Every structure is written in structure tokens, then in C-alpha cells.
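J.: Residues per chain, in single letters:
2 protein chains.
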Amino acid sequence: MKKCIINGVIITMDDSRNIIEDGFVMIDGNKICEIGKMSDLKASGDAELIDADGGIVMPGFVNCHTHISMSVFRGLGEDMPDRLRRYMFPMEDEILDERMVRIGARLSLIELIQGGVTTFCDMYYFEDEVAKAVKDFGMRAVLGETILSKPSPDSSEPYGGIEYAKRFISKWKGDSLITPAFAPHAPYTCDDNHLMEIRRLADELGVPITMHLSEMLHEMEEFDSKYGRTPIRHLEDMGFLSEKLIAAHLVYVDDEDIMVLKRNGVGAAHNVVANAKSGRKVSPAPAMHKAGMKVGLGTDGPMSGNHQDVLSLLGYYTKIQKQAALDNRICSAAEAVELGTMGGARVLGMADEIGSIEKGKKADIIIIDTSAPNIQPVYDYYSAIVYAAHPHNVVMTMVDGKVLMSGRKLMAMDEKKVLEEVSEVSKEIRTFAMELDRRARS
Amino acid sequence: MKKCIINGVIITMDDSRNIIEDGFVMIDGNKICEIGKMSDLKASGDAELIDADGGIVMPGFVNCHTHISMSVFRGLGEDMPDRLRRYMFPMEDEILDERMVRIGARLSLIELIQGGVTTFCDMYYFEDEVAKAVKDFGMRAVLGETILSKPSPDSSEPYGGIEYAKRFISKWKGDSLITPAFAPHAPYTCDDNHLMEIRRLADELGVPITMHLSEMLHEMEEFDSKYGRTPIRHLEDMGFLSEKLIAAHLVYVDDEDIMVLKRNGVGAAHNVVANAKSGRKVSPAPAMHKAGMKVGLGTDGPMSGNHQDVLSLLGYYTKIQKQAALDNRICSAAEAVELGTMGGARVLGMADEIGSIEKGKKADIIIIDTSAPNIQPVYDYYSAIVYAAHPHNVVMTMVDGKVLMSGRKLMAMDEKKVLEEVSEVSKEIRTFAMELDRRARS
Numbered sequence: 001m002k003k004c005i006i007n008g009v010i011i012t013m014d015d016s017r018n019i020i021e022d023g024f025v026m027i028d029g030n031k032i033c034e035i036g037k038m039s040d041l042k043a044s045g046d047a048e049l050i051d052a053d054g055g056i057v058m059p060g061f062v063n064c065h066t067h068i069s070m071s072v073f074r075g076l077g078e079d080m081p082d083r084l085r086r087y088m089f090p091m092e093d094e095i096l097d098e099r100m101v102r103i104g105a106r107l108s109l110i111e112l113i114q115g116g117v118t119t120f121c122d123m124y125y126f127e128d129e130v131a132k133a134v135k136d137f138g139m140r141a142v143l144g145e146t147i148l149s150k151p152s153p154d155s156s157e158p159y160g161g162i163e164y165a166k167r168f169i170s171k172w173k174g175d176s177l178i179t180p181a182f183a184p185h186a187p188y189t190c191d192d193n194h195l196m197e198i199r200r201l202a203d204e205l206g207v208p209i210t211m212h213l214s215e216m217l218h219e220m221e222e223f224d225s226k227y228g229r230t231p232i233r234h235l236e237d238m239g240f241l242s243e244k245l246i247a248a249h250l251v252y253v254d255d256e257d258i259m260v261l262k263r264n265g266v267g268a269a270h271n272v273v274a275n276a277k278s279g280r281k282v283s284p285a286p287a288m289h290k291a292g293m294k295v296g297l298g299t300d301g302p303m304s305g306n307h308q309d310v311l312s313l314l315g316y317y318t319k320i321q322k323q324a325a326l327d328n329r330i331c332s333a334a335e336a337v338e339l340g341t342m343g344g345a346r347v348l349g350m351a352d353e354i355g356s357i358e359k360g361k362k363a364d365i366i367i368i369d370t371s372a373p374n375i376q377p378v379y380d381y382y383s384a385i386v387y388a389a390h391p392h393n394v395v396m397t398m399v400d401g402k403v404l405m406s407g408r409k410l411m412a413m414d415e416k417k418v419l420e421e422v423s424e425v426s427k428e429i430r431t432f433a434m435e436l437d438r439r440a441r442s
Numbered sequence: 001m002k003k004c005i006i007n008g009v010i011i012t013m014d015d016s017r018n019i020i021e022d023g024f025v026m027i028d029g030n031k032i033c034e035i036g037k038m039s040d041l042k043a044s045g046d047a048e049l050i051d052a053d054g055g056i057v058m059p060g061f062v063n064c065h066t067h068i069s070m071s072v073f074r075g076l077g078e079d080m081p082d083r084l085r086r087y088m089f090p091m092e093d094e095i096l097d098e099r100m101v102r103i104g105a106r107l108s109l110i111e112l113i114q115g116g117v118t119t120f121c122d123m124y125y126f127e128d129e130v131a132k133a134v135k136d137f138g139m140r141a142v143l144g145e146t147i148l149s150k151p152s153p154d155s156s157e158p159y160g161g162i163e164y165a166k167r168f169i170s171k172w173k174g175d176s177l178i179t180p181a182f183a184p185h186a187p188y189t190c191d192d193n194h195l196m197e198i199r200r201l202a203d204e205l206g207v208p209i210t211m212h213l214s215e216m217l218h219e220m221e222e223f224d225s226k227y228g229r230t231p232i233r234h235l236e237d238m239g240f241l242s243e244k245l246i247a248a249h250l251v252y253v254d255d256e257d258i259m260v261l262k263r264n265g266v267g268a269a270h271n272v273v274a275n276a277k278s279g280r281k282v283s284p285a286p287a288m289h290k291a292g293m294k295v296g297l298g299t300d301g302p303m304s305g306n307h308q309d310v311l312s313l314l315g316y317y318t319k320i321q322k323q324a325a326l327d328n329r330i331c332s333a334a335e336a337v338e339l340g341t342m343g344g345a346r347v348l349g350m351a352d353e354i355g356s357i358e359k360g361k362k363a364d365i366i367i368i369d370t371s372a373p374n375i376q377p378v379y380d381y382y383s384a385i386v387y388a389a390h391p392h393n394v395v396m397t398m399v400d401g402k403v404l405m406s407g408r409k410l411m412a413m414d415e416k417k418v419l420e421e422v423s424e425v426s427k428e429i430r431t432f433a434m435e436l437d438r439r440a441r442s
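First to last, the protein sequences are chains A and B. Our numbering applies: residue 1 is where the first sequence begins, and numbers increase by one. Our numbering applies: residue 1 is where the second sequence begins, and numbers increase by one.
These aren't lab readings, by the way, just hints derived from the structure by calculation. Treat the hints loosely; a few may be bogus.
No copy is singled out in the list; a pair is fine if it fits within one copy or between any two copies.
List of simulated lysine to aspartate or glutamate pairs, EDC-like, C-alpha gap at most 16 Å [to be verified]:
id, residue 1, residue 2
1, 416, 53
2, 416, 369
3, 427, 380
4, 244, 352
5, 173, 204
6, 226, 237
7, 132, 175
A quick note: this is a predicted structure, and the numbers were derived from the prediction, not measured.
Construct the entire structure; sequences and hints are all you get.
T.: Following this line, the structure appears as C-alpha cells:
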């Protein structure tokens, strides 16, 4: 059965950034089979028609780094210096369980789909629960089980995440929507031997690795005092870096680090909003992009970046970088859209499958309603997407040829039921947060 | 006839930042007459009930600086160094007329109301057209006619805006919703004599003055070379500054400037997003706020900031400042909400009338639907507003006791008709932009 998106402005994000005004996209099964101008559309046969009504038809957004299940904790301990130690770690140590992970994942999946994200890369605990939710919702994702040198919510043993990940990978490897992965937490929370074991396993099993890298000042200081070099140079020297690595944050990187990352094919998940909210310095993401590195955008978890959609990152990316460089010409709207789509696809190692609207690619497509008063008039499509659109202007989200959201409504999932579960679990979390406040006072 | 907003979380933004969970706000005519807990609500009599359904009930946002009619030009010449000279000034010189000002104003009014803005401060040309549109829509605004040392769209004479403003002020002075004002463009586009004439007229007529100030590097250099001091010190010395001045931007201000502004009672309209997008340095707005100055937020015009809602400024304000200070504790979510409401009311000289939900104040109130998947769960109301809500989560906007928008629909205005007019005028503008491109090439 074919589907045909008609009457759209097709922002292809192909290499020549072709834009087809008054165009169509034909979808056969889960793939794009034809793109063209409406005037060239032959009889669409029995294809199901999806009318874009003059709106923007573009590749779905790719969120390269998040912890979606943390949505159940969203808004806890804001603007506090010790929020991780005061709330997050005790929550994860004492009350986080499979059920919370499942409910948090389902909540974020609604936001992701309603915000036009079609693929995301996640790392957290009990990732099997996330995988099941992703399948239920019909999303596409790279999912990595977090690995730590200490006991974690899913394991009483240090590095227990490796065993979990092996089981998880063998269960999900080859799935049409889910790419299982290893997710060592960071180079300062995993030792070199375990990192290299993970690297060998990832090669053996043919899966990616995702990890926080060069994110923290204490991380930089630790590597400098221990090895006299940056974590990135250290990881290269021991042979850990590869094109399979999806590195999140990369805030504290110098020009040599960028060369190292580039020659090893490492992908960068740049978390513009979360980094700013945490008071970190501005990441040299544009320099990485300019150097030819793979660069995409990530929201980070909902405690850090709060939003899970990529659309609202685009404006932050351009504006924060323009301001840091004191130059309004850099980081154009088109560049931001590229990072949010093809850039992300490259980072996740999926550039051949997603990230653009091209014949043969998976049909991960969204429609933005440009008739909205916050967008009109439209002289420049990239400007409309980056500087004017809000996530709520996304009116259709298709993943793998299936329409997951239309007219702001999820097609197959019961949004109300998810919100009821969130309401229940948030009561427990609120009670525990009050207990933590009591502990802090005493 | 009374109205009663029930079942809301009342974020009052009064001096002690009282929050009333499960509360109500009673409105009599255009004023708030009672606030309390639902359990204390006596028989509401024949009051019309507005059910907040557990959502946040808060004062409407105040947009302290914009040029709303420029929405017809939104998205033109993005990311270009010479966009003002290449597109904006020729557009204003050659094709801007009353009709464009009216259509642009009406487009922005929809966005403002749908985004929860209840008062804004505007400066542009043909401000009488803006005033009529504001009255039609039922909004509250401070409107200033722009005054320039050269001919402008509304006058063939230099400083012709002064005469226009005098007529405009005499027509609108005393209006319940509109505060007419003088709007000298900037200290580098108006000479000292005319600025002092405007100051005298403003005192005589009892109206505010709004002006761009310390926004441009060339402005700073000009005053330094001409007078050996900053524009702010120069304006103080000549006696121009007063508590009637609404100063937009204030990007390049030092500690002494802040003291000068403070002791003269000048209000600051901080345009966080527009400044970033223009590649200007980060404004010391938090220092101004800390020094006890009146500080509010502004979007700037839709060519500069693109959005006209204040809600999306709040996250930018906190994050850009945290990042600039490398400190996640500063500029809390609550502070951002304060700048967006009471802060703005103080800047516009309306602190006794609007900006908070208090007995006796004008009923300028909005409701945010916190049940949305991008907001849930809510542990901290200020965090929900600043870090999680999008403008589309605003579901009710009331100005002066009248509901202007409910369930995302404007009550009295024909949105579709406005968008049709925008479509028409944008065709003319697109044609002229192509003509400008041709001129640039030849």
C-alpha cells in the first residue's frame, strides 16, 4: 500500500539542499519511492493521500542524545548547584525501577512524536523497557544501556550494565526500528579496561557505543592531572575511538581534540540547551561541523534540557553561537536544520537510511503547518522552521512509512492513559523529594 | 457582570510571590476583586465561570519592546550582515504604508494574544493604525510614533514624527487600553535639541518616551569620540533621562551606566533573543535587575526576534545568562517569570495596574494548560512555565476582564481574514525583495 504526501513544500535536505515547492513525496511501504512536483505527479493510483496543504514537508528530526525516561523527574531541583547529588542520584539509587522507566519513556515518546522527532538516541537504565515502549509507539531509536563503575539501578554489581547490554543487544539486534547499543556513562565513570572491553564487544556484535565525553570541568582536570592530556587524546591513544562512537556534549574540546575526533570518525551530539542551562561554556560545535565532523543535536534528558523536541533547539543553536561569535552571519538557519536532520543521521551512523527526503530512504517525514500566525508570512523556509516555528506547528509525524501523529493527535496510543500513569508515579516522586529535603535539612 | 476563574494554580507574582494551589480569581468588570482558595469560594452567584482545570493561572506577559507591524517582513534576509540596509530600509522608504502597518499589526496581535501577551510596547510608523488594531483586538499597549532626523514613511520632513506623535497623543490620551507615547528612534538618529523638545512635550502631555539605547557598537563609538562618554551619561547630563523613559536594548552598558539609569528611574526593555540573533554581546540585564532597576523583556520586531510571544523569551533569558556567567544558579525560573510580568509592568510605568494577580489590579490574566505532555509532571510551577511550556500551551488570554482567546481560538476576531490579507501583502513584499536583489546584483 502506497502513501502520497501532496501539496507540500518539500525541504529535502539532500546534498544540494533541493527544495521542491508545490511537491509530493510518494511512499511505498516504509520507503520513499518518488519525489517531485505536483504537476509531475502521475495518477496516484490507490495511494492514500496525505494533504500537506501548502505546509513544509521535511525529514523528521533526529535527537542524538537524551535519557527520555527522566521525564518523570522533569522540573525537580531547578537552578540548584547540587541538583544531581541532591535529587537525581538518590532517586536513581533508591526509587527508580522498570515501571518508572517505562512510564517516563512513554511520556517522552508523546512529546517526541508531537514535536516532529522521528529518531532518537537514548541512554539510561532498564533500556529494555524503553525499547518495548519505542516499539509500541512505532518510533526509531538507538538505545544504549548505561554502564558504570558502581552499582546502578539495574545491577548490584559494578559494570553490571555490560551483562544487561549483552542480553539487550542479543534481544533487539536486527530489529527494524531499534538499534541496540552500549552506553558507558563517561570516561571518568568507567575505567580503561572496561571501556576497551566494551569497544571489543561492540565491534564483535556490530553495534554503536554512546558516551558522555568532555562534558565536565572535573573530568578535564582529572585527565589532565592523571595523564597530562585531554580525555579525547587519552581515548584515542588507547584505541577506544571509532566511527561507531556517538559522543555526547563535547563542550571542552580544543582544536587538536577536533582533529582527533574527525580522523576517528566520532560523531558529536551537541546539547545546546542543556549545556546552557547547566552554565557550561559554549561548545565549539560550529567548528566541529566546519572541520567536517559528524555533528547532530541532542536535548539531553528532561531534567537537563526539559524539552525533548529538536525543533526548539534549532533557534538556540544559531542564536547562542551567533552571540558567542559576535557575528550574525554564522550558523545560518539552513545549517541548524541540517544539524537537526542529516547531521543527526550521520552521527547515529544512519546517513544512508534517514535524515533526508530522498528516493530509497526510510519514510521518516514530518509536516509543519506554515499557515500559523506565528509563522506567516514565509519568505525563507529555513527561517520559518528555525526562527518562527514552535513544536506545536508540527501537524504530522511519520516514521518508517507509518503516520504516528496527525493533527496533533497520536494515532495508535492512548495519551490520556500515559498521563494518568505519570500523575500516579509523580506523586511517589514528589513524596520522595520531600523526604530528600528533610534529609538535607537534618 | 462578574467572571470567576476556578480550579487553577494561581501564580500571583505579588511581592511575596504567593502561589495559591486549587484557587480562584474573581473578576468584576475589568478588575480583579477577589483571590482565594477554592474551599473559600463563597457562592459565585451569577459569575461566569472559567474553569482552569488544574492549569496555571498567572498574570499575562508584558512585551516591553517591539515593532509589531514588521511581521509582514518576518524572515526576510536572515543571517545576512547588511539585512537592514539591503531589505529593511528600502522597504520602509519605498513601499511601507498604512495598510501594511495595519495588516502587520493585526497578524502580530493574533500571535501576541495566542502566546499569552496582554500588554506590549510598540514603536513604528503610522502608529495610529496600530492603535486602531489594538482597540479592535482588545489588547493593552503603549504605542510610540517613531521620530527620526530624516524623512520617514509617515513624513517627508526630518523629525516629522513629532507632529504625528502630538496628533496621535491628543487622539488616544486617556484611552482605557492605549497609552500613547513619543518614540525617538535612538540618540544617534535624533539630535540633542529634538530629544529635549520631546522630553518637554512628554512632560507637558504626561506620556512616556520609548527609545533604542546603547544597542549599537557604532553608537557607542560615536558618543565616545564626540563627547568622551557613553550615550547614557550624555543623556543624563543634558537632562533627558527620567522614569518616563522605556529604554530598549541597553546591551553596551557598564556599571556606572547602570547607576545612572537606576538613579533616573529609567526602565530597561531587555531583548534577549533579538540581541543574540543579531550577534550582540550578552546584555548585563541581571546586573540591572540586581541593582534595583526596572527590567522587563521584549521581543523586538519580528525581523529581529521573529517571535512576538514573551513565554519563549523566558528560557532564553535564564539559559543565555547562566551560560555567560558559567553558573547554573543565577537567573532562576522565578526571576524570568518576574521579568516577563511585573518587571515589564514596572518598565512601562504600569506597576499599579498590571503585572500581577492582586485585588484591585486590571484583570490581565492567562491560563497555561499544564496537563500537556511537554509539561507533565509539574514539581515546580516556575520551571514548568520557563523550561517546559511552549506558547501553544497558553489556552486562555484575558485583557481588561475580557476573554480574547480561549482554547487557542480568538473570540472576536476573524483569524482567517487576517491571514488572507497577510498573504496578499506578502506577495507585494516578495516581489519588491526580488527587485532589491536585482539592484544589489547590478
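J.: For a quick check of understanding: which of the numbered hints are violated here, in increasing order?
T.: none
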